[in-house]
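Peer 1: For the sequence shown, position 291 (counting from the first letter as 1) is numbered 291 according to our numbering, and the numbering increases by one without interruption.
One thing to keep in mind: the hints can contain errors.
[Stated by the list, open to error] Computed Cβ-Cβ distance ranges for the label pairs, DEER-style:
id : residue 1 : residue 2 : range
1  : Asp64     : Arg576    : 26 to 34 Å
2  : Ala820    : Asp64     : 15 to 23 Å
3  : Ser464    : Glu364    : 26 to 34 Å
4  : Ala820    : Val577    : 48 to 56 Å
5  : Lys335    : Pro251    : 43 to 51 Å
6  : Val499    : Thr461    : 20 to 28 Å
7  : Asp39     : Ser627    : 34 to 42 Å
8  : Asp601    : Thr461    : 37 to 45 Å
9  : Val499    : Asp39     : 22 to 30 Å
10 : Ile293    : Phe536    : 41 to 49 Å
FYI, nobody ran anything at the bench for these hints, they're computed from the structure. Quick reminder that beta carbons are idealized off the backbone N, C-alpha and C, glycines included.
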Amino acid sequence: MNVVVVESPAKAKTITKYLGPGYTVLASFGHIRDLPAKDGSVRPDEDFAMSWEVDAPAAKRLNDIAKAVKESDNLFLATDPDREGEAISWHLLEVLRQKKVIGSKSVKRVAFNAITKKAVLDAMANPRDIDMPLVDAYLARRALDYLVGFTLSPVLWRKLPGARSAGRVQSVALRIVCEREAEIERFVREEYWNIAALLKTPRNDSFESRLTVFNGKKLGKLDIKNAEQADGIRAMLEGASFKAASVEAKPTKRNPGPPFTTSTLQQAASAKLGFSSDRTMKIAQRLYEGIDIGGETAGLITYMRTDGVQMDADAIEAARRAIGSGFGEKYVPEKPRYYSTKAKNAQEAHEAIRPTDFGRNPKEMRRFLDEDQAKLYDLIWKRAIASQMQSADIERTTVEIEATNGTQTAQLRATGSVTRFDGFIAAYTEHREDEADDEDGARLPEIRAGEALAREKIDATQHSTEPPPRYSEATLIKKMEEIGIGRPSTYTATLKTLVDREYVVVDKRKLVPEAKGRLVTAFLESFFDRYVEYDFTADLEGKLDLISDGKLLWKDVLRDFWNDFSAAVGNTKELRVTNVLDALNEELGPLVFPSRGEGIDPRSCPTCGTGTLSLKLGKFGAFVGCSNYPECKFTRQLGSDANGGENGSAGGDEPKALGKDTFTGEEITARNGRFGPYIQRGEGKEAKRASLPKGWSFETIDLEKALALLSLPRDIGQHPETGKMIAAGIGRYGPYVSHDGTYANVENAEEVFSIGINRAVSVLADKQAKGGRTRSAPAALATLGDHPDGGSITVRDGRYGPYVNWGKVNATLPKGKDPATVTMEDALALIAEKGGASAKKPARAKAATKTATKTAAKAETKAPAKKKAPAKTTKKATAKA
Numbered sequence: 001m002n003v004v005v006v007e008s009p010a011k012a013k014t015i016t017k018y019l020g021p022g023y024t025v026l027a028s029f030g031h032i033r034d035l036p037a038k039d040g041s042v043r044p045d046e047d048f049a050m051s052w053e054v055d056a057p058a059a060k061r062l063n064d065i066a067k068a069v070k071e072s073d074n075l076f077l078a079t080d081p082d083r084e085g086e087a088i089s090w091h092l093l094e095v096l097r098q099k100k101v102i103g104s105k106s107v108k109r110v111a112f113n114a115i116t117k118k119a120v121l122d123a124m125a126n127p128r129d130i131d132m133p134l135v136d137a138y139l140a141r142r143a144l145d146y147l148v149g150f151t152l153s154p155v156l157w158r159k160l161p162g163a164r165s166a167g168r169v170q171s172v173a174l175r176i177v178c179e180r181e182a183e184i185e186r187f188v189r190e191e192y193w194n195i196a197a198l199l200k201t202p203r204n205d206s207f208e209s210r211l212t213v214f215n216g217k218k219l220g221k222l223d224i225k226n227a228e229q230a231d232g233i234r235a236m237l238e239g240a241s242f243k244a245a246s247v248e249a250k251p252t253k254r255n256p257g258p259p260f261t262t263s264t265l266q267q268a269a270s271a272k273l274g275f276s277s278d279r280t281m282k283i284a285q286r287l288y289e290g291i292d293i294g295g296e297t298a299g300l301i302t303y304m305r306t307d308g309v310q311m312d313a314d315a316i317e318a319a320r321r322a323i324g325s326g327f328g329e330k331y332v333p334e335k336p337r338y339y340s341t342k343a344k345n346a347q348e349a350h351e352a353i354r355p356t357d358f359g360r361n362p363k364e365m366r367r368f369l370d371e372d373q374a375k376l377y378d379l380i381w382k383r384a385i386a387s388q389m390q391s392a393d394i395e396r397t398t399v400e401i402e403a404t405n406g407t408q409t410a411q412l413r414a415t416g417s418v419t420r421f422d423g424f425i426a427a428y429t430e431h432r433e434d435e436a437d438d439e440d441g442a443r444l445p446e447i448r449a450g451e452a453l454a455r456e457k458i459d460a461t462q463h464s465t466e467p468p469p470r471y472s473e474a475t476l477i478k479k480m481e482e483i484g485i486g487r488p489s490t491y492t493a494t495l496k497t498l499v500d501r502e503y504v505v506v507d508k509r510k511l512v513p514e515a516k517g518r519l520v521t522a523f524l525e526s527f528f529d530r531y532v533e534y535d536f537t538a539d540l541e542g543k544l545d546l547i548s549d550g551k552l553l554w555k556d557v558l559r560d561f562w563n564d565f566s567a568a569v570g571n572t573k574e575l576r577v578t579n580v581l582d583a584l585n586e587e588l589g590p591l592v593f594p595s596r597g598e599g600i601d602p603r604s605c606p607t608c609g610t611g612t613l614s615l616k617l618g619k620f621g622a623f624v625g626c627s628n629y630p631e632c633k634f635t636r637q638l639g640s641d642a643n644g645g646e647n648g649s650a651g652g653d654e655p656k657a658l659g660k661d662t663f664t665g666e667e668i669t670a671r672n673g674r675f676g677p678y679i680q681r682g683e684g685k686e687a688k689r690a691s692l693p694k695g696w697s698f699e700t701i702d703l704e705k706a707l708a709l710l711s712l713p714r715d716i717g718q719h720p721e722t723g724k725m726i727a728a729g730i731g732r733y734g735p736y737v738s739h740d741g742t743y744a745n746v747e748n749a750e751e752v753f754s755i756g757i758n759r760a761v762s763v764l765a766d767k768q769a770k771g772g773r774t775r776s777a778p779a780a781l782a783t784l785g786d787h788p789d790g791g792s793i794t795v796r797d798g799r800y801g802p803y804v805n806w807g808k809v810n811a812t813l814p815k816g817k818d819p820a821t822v823t824m825e826d827a828l829a830l831i832a833e834k835g836g837a838s839a840k841k842p843a844r845a846k847a848a849t850k851t852a853t854k855t856a857a858k859a860e861t862k863a864p865a866k867k868k869a870p871a872k873t874t875k876k877a878t879a880k881a
């Protein structure tokens, strides 16, 4: 019997049908072990020894694989055909050897770029050994990511509270986004005007031309700067006579682009289909692993993580045959087309993304696919088929026109193009996609050199220069590829990390850096500039590629990096927070201290007038404060308007007066604070404040709502069974009703003001029926799930800070750890260290596992040898490699 191990169950199901009896195909579900997310997982002092751990779900799958291998004759490792896939095969073999099930069995590596019967059977007939240089490159990459993440992130936590993590590629990608934002902030708009003339031939055909020269001076884009200048030129042209000085028709060719790589597919799917990179890759994964086509399961596209643009020779021939039969022989070029990539550090070991069978036309496949799959397959098929088609023949016509008005002269130009032979454009004409559009779009009427032209209309239109656009996911990936950072398998994970860490936000498909992300970038540029430089990161990627080629030793690369990097980190130990703030004040001037008008120092305090504004670091991150604190309590949220509140206000708006309290006579105002909008009655330390609940805004709050909010909590009535009062209010965790220490959430803030006794009793009863707790313990910030030994695990915020709770075990979070980022793995590790029972890891999806391999700051924990093992026993159970 033969055992074949692949990564996904979908792939296993498809391949089982191809191989038939005598083969058992099992899935590893991605990576089966990883570096524990704790100090010491990579040990530079021990020649970069690495400790690996297997989580509980992977352990069960490994036991199943080991059992099958023990009873087999041969083992075929058929994981994905890239660096990650090679690493998974290596991990599998290492663990199976530790389990002593390999013995003298034959172990071979097979890799196929497409999941079709032919591709799979060809690969099985030509197995090879594991590519150890490729594995070494993976080990180097994983160690580098771990060392950067787990060495640099604690520096951020200590020196820049509120920052979550730094990463080798993640931080450079963030820098790209932040630098573009700085460009936009520095951008100064310039006004300019365009002059166009609508002219008519003697045959009464109209066309448009644009002014290029005026009174002998060639005009650039910004040369007509104002309305007065534009009106003068327009007046001259309105009285001018026009003549076609020359007409030139020039034939040209448009060549097709290469088939898709990972990044170009993501860019095209974003531009044409509106898909995010993550969505694109998930759909492509499904098309690659196999679709049921009328009873036959087959992969429709080749492997989708690649930076190669070349196609297999057999595929090229198949494409040429499909072009001849589908479009006609005149669309087949005399010789096949071959492409090479221009991307920096590209590894062209894999084919481009293409259909596995060009005979599967998108129209015919549509009935077997869902809407998203059909759209993406259509995109891939057309791009691949077009890449092997004839060039388009286009005739581009340029007409130079002279205008004369007395002593003044001008020149105008009209351009147009005609497609004489559509060539590869025929592949796109069904939907008229971008590739099918003529570059100039317009088609000129017949115009003869020397003939007079009549003026119909002269237009002068105002424009202004635009700042560079923010990056989208697709354009950021394109930029990363151009400068040589990241790889096809890491682009999506890198973007996800930036969003998950709240360093960037996606707004209308554009990446906007948050203030937190700007701070992290400014900090790294000020104190770790080398490690966020584009060239340095790209050079390191190049070294990883040389390792995979067997031209460099992976530990040599790690030693060179670690010697300089650890020294740079060591230098920050003496770095004082005041040094950090001074550097950030300088680096982030426009963001931290926006202009407040001419003649006003943006760093002067708007409240006391004598203090100087500066960045301050608090428990929840950075904000702007006054140097005269505590006498002056002015604060402002980072990135907000230059005007702020006082008395602890951190808003960008002046307090908004709502009216006076009927009973106390005190002024009620709405304010924007560092932690969001709130209302305040009175001034000073005795002032009562209440945060606006979710769904309420600073702009719409009025006196009636403010009074209602300040009246909380309100008594609803006595409970019919206990006689104790039921109250309603809005707390830290939202709107609630309470009775005798039991709190139950209600749906929205409005219900707090209207809920009656019957509804309140019902809500409380439902909470009790579900095992609701009383407020003897702080309410849970989050419920993570059940402990392997039973009982719920929650994250809570207590008197002495946030902590993880399981039964009677309370484990305080490490200093600087954001409660919102705590995972089940983190919680189990903390509970185990505190002396809780088991530290088992819960099941997790393949996607989460793969993301964890790319993000060193992703928390992991050990799978213990026994339940209720003390921390020391758990530690010994960690596998090492």
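Peer 1: Compare the structure with each hint and give your call.
Peer 2: Taking the hints in turn, this is what the structure says about them:
no., hint, in the structure
1, Asp64 <-> Arg576: 26 to 34 Å, "violated, 55 Å"
2, Ala820 <-> Asp64: 15 to 23 Å, "violated, 36 Å"
3, Ser464 <-> Glu364: 26 to 34 Å, "violated, 49 Å"
4, Ala820 <-> Val577: 48 to 56 Å, "violated, 24 Å"
5, Lys335 <-> Pro251: 43 to 51 Å, "violated, 21 Å"
6, Val499 <-> Thr461: 20 to 28 Å, "violated, 39 Å"
7, Asp39 <-> Ser627: 34 to 42 Å, "holds, 38 Å"
8, Asp601 <-> Thr461: 37 to 45 Å, "holds, 40 Å"
9, Val499 <-> Asp39: 22 to 30 Å, "holds, 27 Å"
10, Ile293 <-> Phe536: 41 to 49 Å, "holds, 48 Å"
Hints 1, 2, 3, 4, 5 and 6 from the earlier list are contradicted by this structure; the remaining hints agree with it.
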